[in-house]
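Trainee: Work out the full structure: start from the sequences and follow the hints.
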Amino acid sequence: MESYGVDDDAEMVEMSRLKGLQAQPADITAHLSQLPTGSLGGVFSGRRIEHLDPAALQTFLSLAYRYVRPGGTLVCETPNTRSLFAIADTCYRDPTYQKPVHLGTYRFIAQAAGFADVELSYSLEVLEAWAVEPTGASAYTDPSLQALVREVNSRLRRGDEQVFGYQRVALIARKAD
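In the working numbering, the protein residues as written are 88 to 264.
Please note that a few of the clues may not be correct.
[Stated by the list, open to error] Pairwise CB distance ranges (calculated):
#: 1; residue 1: SER208; residue 2: ALA143; range: 20 to 30 Å
#: 2; residue 1: GLU101; residue 2: LEU190; range: 24 to 34 Å
#: 3; residue 1: THR222; residue 2: GLY128; range: 47 to 57 Å
#: 4; residue 1: GLY128; residue 2: PRO230; range: 51 to 61 Å
#: 5; residue 1: GLY129; residue 2: GLU220; range: 33 to 43 Å
#: 6; residue 1: GLN111; residue 2: ALA143; range: 13 to 23 Å
#: 7; residue 1: ALA142; residue 2: SER208; range: 18 to 28 Å
#: 8; residue 1: GLN145; residue 2: VAL219; range: 34 to 44 Å
Think of the hints as simulated: they come from the structure by calculation, not from any bench.
Each residue gets a CB set at the ideal place from its N, CA and C atoms; glycine is no exception.
Mentor: What follows is the structure in structure tokens.
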């Protein structure tokens, strides 16, 4: 089997099958534990790791490391906890969410499990229309005012990134050859 999905939600398994994908109902931890060591080219987890308590997260990452072959990849997509909007819109609305986990913690736990080349890739920007519109510095003739306006715009942009920012982040970790 080239690729397949595993989910403990029977409805998600059925939706996948209706789309022509191979999927089976199972707990991912139990499923991984039944595979031959190093038998997977990669593991993808979409919107799952944020629902695991710290011990279960460590177990999942350790099992993924064990069952991904050398050179294989682990990708875990999750809400971006550096975005206040993502936290408010996702984390607090979903009662099964454990708690926001700092992205550095995800990286650390993946490295502690043995993965190398661990990186974070951001996606799903909030609409630019929600951002604070910058003031044009060229509207002012005084150079000191222009510099001040540029500084204020820069700080507003950083605030927009903290409030809205990218909504998703993927932890991408590779197992060394």
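Trainee: Hint by hint, say whether it matches the structure.
Mentor: To see whether the hints hold, each was checked on the structure:
1. SER208 <-> ALA143: 20 to 30 Å: Since the Cβ atoms of SER208 and ALA143 sit about 23 Å apart, the hinted range of 20 to 30 Å holds.
2. GLU101 <-> LEU190: 24 to 34 Å: With a Cβ separation near 33 Å, GLU101 and LEU190 satisfy 24 to 34 Å, so the hint holds.
3. THR222 <-> GLY128: 47 to 57 Å: holds, 51 Å
4. GLY128 <-> PRO230: 51 to 61 Å: Once the Cβ atoms are compared, 58 Å apart, the range 51 to 61 Å for PRO230 and GLY128 holds.
5. GLY129 <-> GLU220: 33 to 43 Å: holds, 42 Å
6. GLN111 <-> ALA143: 13 to 23 Å: holds, 20 Å
7. ALA142 <-> SER208: 18 to 28 Å: Holds: the Cβ-Cβ distance is about 26 Å, inside 18 to 28 Å.
8. GLN145 <-> VAL219: 34 to 44 Å: Roughly 39 Å apart at Cβ, these two residues keep to the hinted range, so it holds.
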